[in-house]
Amino acid sequence: MPERLAEMLLDLWTPLIILWITLPSCIYMAPMNQSQVLMNGSRLELSRLSEEQRILNRSKRGWVWNQMFVLEEFSGPEPILVGRLHTDLDPGSKKIKYILSGDGAGTIFQINDITGDIHAIKRLDREEKAEYTLTAQAVDWETNKPLEPPSEFIIKVQDINDNAPEFLNGPYHATVPEMSILGTSVTNVTATDADDPVYGNSAKLVYSILEGQPYFSIEPETAIIKTALPNMDREAKEEYLVVIQAKDMGGHSGGLSGTTTLTVTLTDVNDNPPKFAQSLYHFSVPEDVVLGTAIGRVKANDQDIGENAQSSYDIIDGDGTALFEVTSDAQAQDGVIRLRKPLDFETKKSYTLKVEAANVHTDPRFSSRGPFKDTATVKIVVEDADEPPVFSSPTYLLEVHENAALNSVIGQVTARDPDITSSPIRFSIDRHTDLERQFNINADDGKITLATPLDRELSVWHNITIIATEIRNHSQISRVPVAIKVLDVNDNAPEFASEYEAFLCENGKPGQVNISMLLMLICLYTTVSYLINLPYSVHLHHL
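Residue 431 in the numbering used here sits at position 443 of the sequence shown; the count goes up by one each step and never skips.
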């Protein structure tokens, strides 16, 4: 660090020394009869950076001070001379004493009370304190009485380029959409320089890219970073590391620099269509599969990510559009083929479907890259399954007269094995539905016979269940309900509901109608008519 500071000071002082040698006539020396600043020695001349730095004018009634300057970071074997105080009241008899007070008086700045020379006795840093306010006063050497009122003046610490630019918020991260046009703004990064932005170029920064070309560029003064290549593809490269430099002194040689990194990530746009991994898919499914079961999955790959990669799947053609459906799995990004209707191996053994995958979200800017869809062929083979027997009817209705003879056939059920092997069928009655065992069935042909007498007046309906079982595979069984209606026959004589009693007059004449007897006969005929199903009005008419 000391070697670098020495080089910087040498670069700064060399042109000033040359200027001092070649332009002596520009130096103003005040007449001795007026308030002035006397500069002695080469160190005093080196600090002469401006006219107002040197001349302190006094009016008749007080001091009028200009600013003094001292270079920061100056260190040498002796204190550095900042300036000199002098008053026209001083004839040179050494009867005037100069007093200095204020910021840093006695600790940082020291005054020769006889000559008025002010020296900086410590190394100064402008970034810590840029200026000091002090008060000067001339007093009588013997009495210490003020000869003039005190006057305030400022010593400014003059900047040198001793601070490199810094990126306070680095490292940086930014994003830009892929396929962006040339010159698209990415972000803005700025550095700070602790040096004086007003004096010289110590804080004048110029930005450049050390690493990250030819993909990105930077505005030298504003530090705005832009794309330097059009149509960068995220699928080819997603992330870029850019090294940015900020250099002071306007970017000239000798300036200090600082660097930072910027990671640029290309965000995705929908610039790629979905593409099936294969053009033909083969699946097989048992014919007895449950409805809604997933038969297989098809997947269209998309190089994009997120919602740009989402695809919907549809069956757009084929001979199984009514039997199958395809749903989109948003998590796995594939299509799931499911069964909608039952299959029958004996009816049709294979199906062909045409499945389409299409992007859900499309970007019209990239329509020329389309269409954003793809198709694949799906062949589904139906496998034969050992199916249970199938009855010729889902239900059976039988009728039998209540006086039917025992062991007489009252009906028949039939069933078959739908499989190609066509196993023989064995029939039986589920006795839980025929607890009184009123019916029997022939195990071979399914004929139902009467086992016990029937009585319609006790039970009109009998509901039983018939079981059909494959002989070759007893686990394959089917059931069918059979309803048996008992038909009535005239097997019951009329009966009076109660005993009737008639009264006759003892002197009644032959042929005379007895009212109570008439009512009894009406009741009798009504009962008989009901039992023999004859119209009641006919009997009443005959009566």
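Since the hints were derived computationally from the structure, they do not count as laboratory data.
Glycine included, every Cβ here is placed at the ideal spot set by N, Cα and C.
Fair warning: there could be bad hints in the mix.
[Said to hold, decoys possible] Here are the simulated distance ranges between beta carbons: (1) Phe354 with Ala282: 29 to 37 Å; (2) Asp221 with Lys336: 45 to 53 Å; (3) Gln319 with Pro359: 22 to 30 Å; (4) Gly358 with Val324: 23 to 31 Å; (5) Pro185 with Gly358: 51 to 59 Å; (6) Thr163 with Ser89: 53 to 61 Å; (7) Ala373 with Arg425: 55 to 63 Å; (8) Thr163 with Thr281: 38 to 46 Å.
Outcome of the hint check:
| no. | hint | in the structure |
| --- | --- | --- |
| 1 | Phe354 with Ala282: 29 to 37 Å | holds, 33 Å |
| 2 | Asp221 with Lys336: 45 to 53 Å | holds, 47 Å |
| 3 | Gln319 with Pro359: 22 to 30 Å | holds, 25 Å |
| 4 | Gly358 with Val324: 23 to 31 Å | holds, 25 Å |
| 5 | Pro185 with Gly358: 51 to 59 Å | holds, 54 Å |
| 6 | Thr163 with Ser89: 53 to 61 Å | holds, 59 Å |
| 7 | Ala373 with Arg425: 55 to 63 Å | violated, 36 Å |
| 8 | Thr163 with Thr281: 38 to 46 Å | holds, 44 Å |
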